Amino acid sequence: VGELLLYGEISDFTWWGDEVTPRQFREDLEALGDIDELRIYINSPGGDVFAGQAILSMLKRHSAYKVVYIDGLAASAASIVAMAGDVIRMPRNAMMMIHNVWTVVAGDANYLREVADALDRITESVVAAYKEKTGLDDEEIRRMMDAETWMTAEEAVEKGFADEIEDTRAVAASLRNGTLVVNGQEVNLSRFKNPPKLLVVPDNDDPPKPAPQAERGDSDAERKRRLKLLSLELELLSSSSF
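With my numbering applied, the sequence shown has no gaps in its numbers, which climb one by one up to 247 at the end.
Calculated from the structure, these hints are not laboratory results.
Heads up, none of these hints are tricks.
Calculated lysine-lysine pairs in the DSS-like style (CA-CA distance at most 25 Å, straight line): (1) Lys164 - Lys136; (2) Lys71 - Lys164; (3) Lys138 - Lys71; (4) Lys136 - Lys65.
Computed from a prediction, not measured in an experiment: that's the story for all the values here.
Construct the complete structure from the given sequences, taking the supplied hints into account.
Quick look at the structure:
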């Protein structure tokens, strides 16, 4: 049995020394030698989509039986890497997020159109990775990516993005100035357009307020979904220091 950690930002290059790069990941993978089972532990806000896809390809090519554990968060490019697992396991207080590929550019109209076309092509490859694991159709996956979908363990298993739910694990979490820290990994929430509401509460010394009652017009299914998400978010923040 071999084990690898994917904790932190996924990047083509290392700037601060704590990023996960394809080159370093390949070296760590090769150092494990001939193994029958590979366990990958993920706690990451994501990062560079090409670096994430490169790591996914390395894992898919590896002959070992792969078990992926989501230790807190697998967001953006990290969720792509997670799809390499023959089995993906999530504790009840872990989360997964998928969204559209995006970038920051400057240029004239022609160049911006080229970039948009490139993003569409990249999105197709990401959709294919999710589809292979989940069995969902392209339209459903694209809808979820458009909405920037955050999933609890239960929702991830229901949609096919994970296979097994584990018991809740201890999570060290804190939130300050828009930065969430989960098990030592920082997540700048401003980079996301639709983070769960309880993860963007203002900094203060007061405990989180009780979950609001569902609006009268909500369906039973929507109320249950909200309660599940709010319960998870409160559990993440229960040990937080503000």
